[in-house]
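S.K.: Heads up: the protein sequence lines correspond to chains F and H, in order. Just so it is clear: in the first sequence, position 244 is 244 by the UniProt record's numbering, and no numbers are missing. Just so it is clear: in the second sequence, position 155 is 155 by the UniProt record's numbering, and no numbers are missing.
Don't read these hints as lab results, they were simulated from the structure. The model shown is predicted, which means the values in this text are computed figures rather than measured ones. For glycine and all other residues, C-beta sits at the position ideal for the given N, C-alpha and C. Treat the hints with caution; some may be incorrect.
[As the list claims (entries may be wrong)] Footprint (simulated), chain H over chain F, 3 or more residues, beta carbon under 8 Å: (1) 96–107; (2) 111–123; (3) 159–169; (4) 179–190; (5) 231–237.
[As the list claims (entries may be wrong)] If you only want the chain H side, here are some residues facing chain F, beta carbon under 7 Å, derived: (6) Thr74; (7) Leu118; (8) Pro283.
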Amino acid sequence: MPSRHSIAASPVKGGAAPAGSPPAGRAPEEERRRAKLSRRWQRDLRWSPYAFVAPFFALFIAFGLFPLIYTGWASLHTVELTAPTDMEWAGLKNYVRIFDDEFFWNAARNTLIIGVISTVPQLAMAMGIAHLLNYKLRGSTFWRVAMLAPYATSVAAAALVFVLLFGRDYGMINWALGFVGLDAIDWQNDSWASKLAVSTIVIWRWTGYNALIYLAAMQAIPHDLYESAALDGASRWRQFFHVTLPSLRPTILFTVVVSTIGATQIFGEPLLFDASKGASGGGTHQFQTLGLYLYEQGWINQHLGRASAIAWSMFAILILIGLVNSVISRRLRASS
Amino acid sequence: MTTTLTPPQQPAPEAVPDDKARKTRGPRSARAGGQFHAGPLTYVILTLFTLGSLFPLFWTAVAASRDNARLAETPPPLWFGANLSDKLAVAWEDANLGEAFLNTTFVAGTSAIVTCFLSAMAGFAFAKLRFKGRNALLLVVIGTMMVPPQLSVIPLYMMVAKLDWSDQLQAVLLPSLVNAFGVFFMRQYLTQALPDELIEAGRVDGASTWRIMWHIVFPVARPAMAVLAMLKFVETWNDFLWPFLVLTQHGSPTVQVAVAGLGRGYTPDQALIMAGALLGTLPLLLVFTIFGKQIVGGIMQGAVKG
């Protein structure tokens with residue numbers, strides 16, 4: 001397909017020969033010079049796009065694609081942390097080993113639970129906040145920045161302060177629960193409470209960010225949709241459910257995908273939430289996620305091959321989620 | 001997935017009827033405001049969320065100003081004690097934070113600048129240049145965004161071991177330069193913000209693609225590049241897993257590694273840990289306070305919608 005660029009592109013040729021034939025009486029040297037320039041021009045048009053994307057792809061192949069594939073290769077070997085370059089063929093042994101390990105399934109279950117109880121409330125709250133921020137507000141920048149402050153906080157800082165806030169004996173949260181007449185909760189050792197606490201860290205850090213994404217999408221909804229809804233006598237609530245939410249469907253899907261990917265790799269929160277500073281996610285692995293299990297196998301138990309098998313299992317899970325997601329979104333699109 | 005960037009510089013004309021800020025850039029200009037003025041209830045709820053959002057940060061500072069004995073009492077402290085400067089000074093020493101700050105600033109800064117330029121170049125090529133395999137390559141970029149970096153840490157660790165790079169900053173810096181989101185972000189921005197006529201004018205004047213990049217694309221892309229650089233800086237500054245694996249607290253840590261290392265030991269000094277967490281967070285909080293408006297605008301511009 002001839003592009004507009006290539007039509008407008010040859011000022012040398014076009015300028016010299018508007019009628020398409022070389023004017024007579026030019027020195028042959030001049031002709032050669034022009035031909036050379038024109039060749040350089042063609043080369044530039046043809047190859048520089050590749051030169052422009054090359055740095056990204058070079059880095060991506062070196063530090064993204066190659067490691068990803070090599071993880072698969074390493075997962076078929078026995079590799080020790082102490083000598084990461086010595087690999088010994090092991091076939092599927094690593095996979096058999098981790099699929100036999102109850103802690104793998106425990107970690108998978110925990111990841112799923114923590115993923116759900118962190119993502120769902122997070123996105124629901126983000127939607128509510130975005131709706132409020134979409135009103136005409138005094139000091140709208142202040143509210144937005146305040147919501148975003150947790151996003152500026154690192155996993156490490158956030159997890160460390162929440163460990164104290166969730167302390168069993170002297171923590172602020174149990175103290176506050178005492179006012180409502182609730183008993184102190186053992187946020188470290190209780191199976192559900194600990195998952196809830198780890199999820200809280202995730203929710204705290206990401207709600208504001210997602211709210212801003214929803215807000216951006218809400219502001220892109222054409223006003224006349226609301227106007228005609230209002231003319232039809234729809235209340236604010238009905239407008240929210242019948243205009244706002246449907247218009248946001250693609251954005252919601254996007255945030256769900258991103259949060260799901262984020263949730264499969266939760267690592268820093270459970271690592272640092274553990275008051276005993278281990279990598280097992282609590283005394284009975286009650287909040288060990290797959291990311292943490294990978295770290296424990298690879299760097300505490302020093303089996304990098306096994307850790308690679310975990311990584312590829314996570315990859316498989318993600319692809320599965322991606323497939324399910326695209327099926328659902330296609331259904332949604334078909335039904336609308 | 002069809003995705004577009006909110007066009008920041010070309011607000012849809014029909015969307016700006018009575019808006020005073022007609023020509024201002026930023027996502028709020030064109031479709032500013034909601035449909036209704038906020039009632040008091042809105043402010044109450046927003047205040048509650050803001051408290052939830054800011055309280056842990058505030059309390060980090062409160063806890064950092066106390067000591068272990070006070071933190072092991074009920075009720076927990078709600079206001080500052082006397083130890084803040086002491087604890088900050090000790091945390092600074094113990095966690096090797098001076099070096100950590102230099103390291104992290106170097107890594108995050110370099111990463112932000114480099115990815116920003118590489119993303120602008122690749123984004124320009126994807127947005128405005130025609131070449132064989134463009135769509136396929138763009139799909140690869142989008143696919144890359146979906147793959148979590150965690151899946152690559154083991155071979156990267158092997159590479160670092162082989163090259164003898166552990167505890168060296170390039171081990172953290174180089175992998176952080178892969179930024180598919182940046183490429184996609186710049187592509188979306190340039191598709192909208194860079195008129196074809198501008199490039200054609202450059203071509204007619206005989207400028208090479210590279211000159212067009214320098215003299216036309218970079219100036220147009222500057223606002224988006226600034227946003228991207230900020231986002232990347234925050235991301236790299238806060239990155240935890242990979243630096244934690246290849247750097248040690250007493251080698252050349254990044255801030256996050258140094259702060260996470262503070263909690264080790266038999267009877268950890270909680271106030272000290274909080275002081276470290278506070279120090280590690282303060283620079284970014286400061287940046288967010290100053291550039292809050294731009295950062296919010298940037299995130300909202302980058303918001304992907306169908």
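S.K.: Please go over all the hints and tell whether each is borne out by the structure.
M.R.: The hints, checked one at a time:
1. 96–107: It is violated, with 0 qualifying residues against the three required.
2. 111–123: violated (count 0)
3. 159–169: holds (count 6)
4. 179–190: violated (count 0)
5. 231–237: As far as the region 231–237 of chain F goes, the hint is violated, because 1 residues have Cβ atoms under 8 Å from chain H.
6. Thr74: Holds, about 6 Å.
7. Leu118: Holds: closest Cβ of chain F sits about 5 Å from Leu118/H, inside 7 Å.
8. Pro283: 9 Å, violated
Of the numbered hints listed earlier, those contradicted by the structure are 1, 2, 4, 5 and 8.
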